[in-house]
Amino acid sequence: MPLRSPHVLIILGLWMHPNAATHWNTELHSAVQRGEYCYYEVFEADCGSNSSVIIGKALYGQMGIGKCVDFDTGYLGCQADVTDIVRARCHGKQQCILPADDEALRSTEPCRRGVQVYLEVSYLCTKAIPLRESCDDVQANETTKYISGAGNCNFSEAIHVSAKPGQTVVFSVINLLALFHTEQDLKQRVAIVTSDSETFELTSLVDEAMTKNSSASLVMEDRTGLVLVGFKSAGCADVTLGADKWLERKAEFMLVGCHGEQMNWRMVCVDGEWHGHVGNCTTEITAAKIDKVEPPSQLQLPMEVILMITGCLTLIIIVIVITIGCLCYRRPWHPKQNDHCEPTATYELVESRRSSTDNQLVHDERSFEERTYIIQKTEPLLVRTPPPPRPPDIRRYELLTIPRMPTSNLTGSHKSSTDSLDDRSRYSAPGSPYLNVRPV
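Numbers -21 to -1, 1 to 419, taken from mature numbering (1 follows the signal peptide of the UniProt record, and there is no 0), label the letters of the sequence shown in order.
In short, the hints are calculated from the structure, not lab data. From the three backbone atoms N, C-alpha and C, an ideal C-beta is built for every residue, glycine too. Some hints could be false.
As the list claims (entries may be wrong) - Straight-line distance between alpha carbons at most 30 Å, and here's what the computed DSS-like set of lysine-lysine pairs gives:
#, residue 1, residue 2
1, Lys229, Lys191
2, Lys72, Lys46
3, Lys36, Lys72
Stated by the list, open to error - Here are the in silico distance ranges between beta carbons for each label pair:
#, residue 1, residue 2, range
4, Val284, His256, 16 to 22 Å
5, Phe232, His139, 15 to 21 Å
6, Glu177, Leu234, 34 to 40 Å
7, Val284, Arg13, 54 to 60 Å
Given only the sequences and the hints, what does the whole structure look like? Please build it.
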């Protein structure tokens, strides 16, 4: 019975390049699941939602010593290839259940009657969305999509793949046979791509073909369902302009201008999008807007330059603040060396001195400022010292100059010595027997 299953569209989200064959092959090998199922067990594959089961190889019999056979029975090696039977039950489905003693499997009779046999299956799960059973046209976009070879339509019928006007279609091949058949010839032809007068043959593990037009026809020649042919769109689609503009496109470059004027603008296609600016013509006809074209801007700086300027200004402000803080912190520790410092409290005890001429008590004629200057005119100290203690309060006295009594008067006086001492102590300051002072 021929294999009848719908086409499978696999969304891999990865654009395959010939240099990526080794990496992609390694990822597929890690996703392959292999298992042995004894005659009393059930093979069950569940790939979850939006995923499909791809059966690689299935054998039925007594292949070797393992889980179900733990010794040499003398019949090791008797087996039958039941890949088609398992694929008919599970291939392209999200989940499937197949008992190991299924009638279709036992009917193959791989070994002598009475010999214990088991089922061995290799499969993998892929994120796949089944297509409709008919071979309808498919639309290519920037995401790579894959179609499996097994389908419900005739293999001679082509599948039409188209992209937007101005774009091209790129095809690639991933052959899953290498995961299950190491001896398989990977150079066999698996698909044919036709675009106008161009014809491409897709072979090998990872092959690539790029058309020059926005549409192509794909004919699958693989009947195993293990060959995936991917397709995606490349380049930028054509744009629609107003009647006052003209355009000229060469590959990834486009020149836009105004009719009857010398104004023109250049645009470049990058990752499927047009980059550049198209201005307005001076004619009265309103120009059509082009998608994804930014309006002109004056003095527009790149974001990197703005961030760099902001960072530099922030760094300068931080340095200024730190410098001012250091100066304010260290300034109180420096001694003041100018003459405009606050005056310190200076005291001078006025002493009386005797005149050398007339033997009279005279008052020190120096002014208070001169005496204070003499005391303050000292070398500044280099070591910070605490301020001197506050001197005790000295009462001011009014100096009274009295004539010195002659010695003869003291000796010939009728007053007693006791009376003289009393009178002297009444008008003399303490500790100064030569001055008669009166408190102010």
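Hints versus structure:
no. : hint                          : result
1   : Lys229 <-> Lys191             : holds (13 Å)
2   : Lys72 <-> Lys46               : holds (27 Å)
3   : Lys36 <-> Lys72               : holds (16 Å)
4   : Val284 <-> His256: 16 to 22 Å : holds (19 Å)
5   : Phe232 <-> His139: 15 to 21 Å : violated (29 Å)
6   : Glu177 <-> Leu234: 34 to 40 Å : violated (27 Å)
7   : Val284 <-> Arg13: 54 to 60 Å  : holds (57 Å)
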